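When we follow this note's numbering, the leftmost residue of the sequence shown carries the number 1, and every step to the right adds one.
If you are wondering where the hints come from, they were derived from the structure by calculation, not from laboratory data.
Worth double-checking, as some hints may not be accurate.
[Stated by the list, open to error] Here are the in silico distance ranges between beta carbons for each label pair:
hint, residue 1, residue 2, range
1, Thr83, Ile32, 37 to 45 angstroms
2, Ile101, Asp144, 16 to 24 angstroms
3, Ile8, Glu149, 57 to 65 angstroms
Predicted model only: the values in this text are computed from it and were never measured.
Heads up, the beta-carbon is just placed ideally off N, CA and C, and yes, glycines get one too.
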Amino acid sequence: MKIDIKTIKELSENIEKYGLEEITLESEGTKISLKKEVEKTIPTEIMVEPRVATKTSKKTTKTKAVETKEKNYNSIKSPMVGTYYGAASPDKDAFVKEGQIVEVGDILCIVEAMKLMNEVKADSRYRIVKSLLTDGRSVTKGCDLFLVEEV
1 MKIDIKTIKE LSENIEKYGL EEITLESEGT KISLKKEVEK TIPTEIMVEP
51 RVATKTSKKT TKTKAVETKE KNYNSIKSPM VGTYYGAASP DKDAFVKEGQ
101 IVEVGDILCI VEAMKLMNEV KADSRYRIVK SLLTDGRSVT KGCDLFLVEE
151 V
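Start from the sequences and build out the full structure, keeping to the hints where you can.
Shown next as structure tokens:
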């Protein structure tokens, strides 16, 4: 097999097609190796932006009465896939508690991704209505972490 531009192009397409990082071909004493450069970014701190918060409805039904109250809350969502932690370590207090008022920049929780602890911070002044997860729970990007209301 002769290594020419067409062969190199096919190798390059195969890297993309199969999600490879490197491919090597050796033929008739000629060796070619193609490597895909992967840009690696290391997030250290993440601010939750206002447009990340979405409206959800919380309904409370009284058992003896037919009355239903409806209140709209914002939800703070996970900015990435990872593992949720509500405290810096198991022996420390949680960053936030239900009913607590948080200020801009306050740490709400940590989402661990690839052994990096990423702080999720408040982007506005909120009252924490409900913490939706427990420590060690896997989260996906966009997963609700807290119900909050702006103060």
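Here's how the hints hold up against the structure:
1. Thr83 / Ile32: 37 to 45 angstroms: 41 angstroms, holds
2. Ile101 / Asp144: 16 to 24 angstroms: 20 angstroms, holds
3. Ile8 / Glu149: 57 to 65 angstroms: 58 angstroms, holds
Going through the hint list in order, the structure satisfies each hint without exception.
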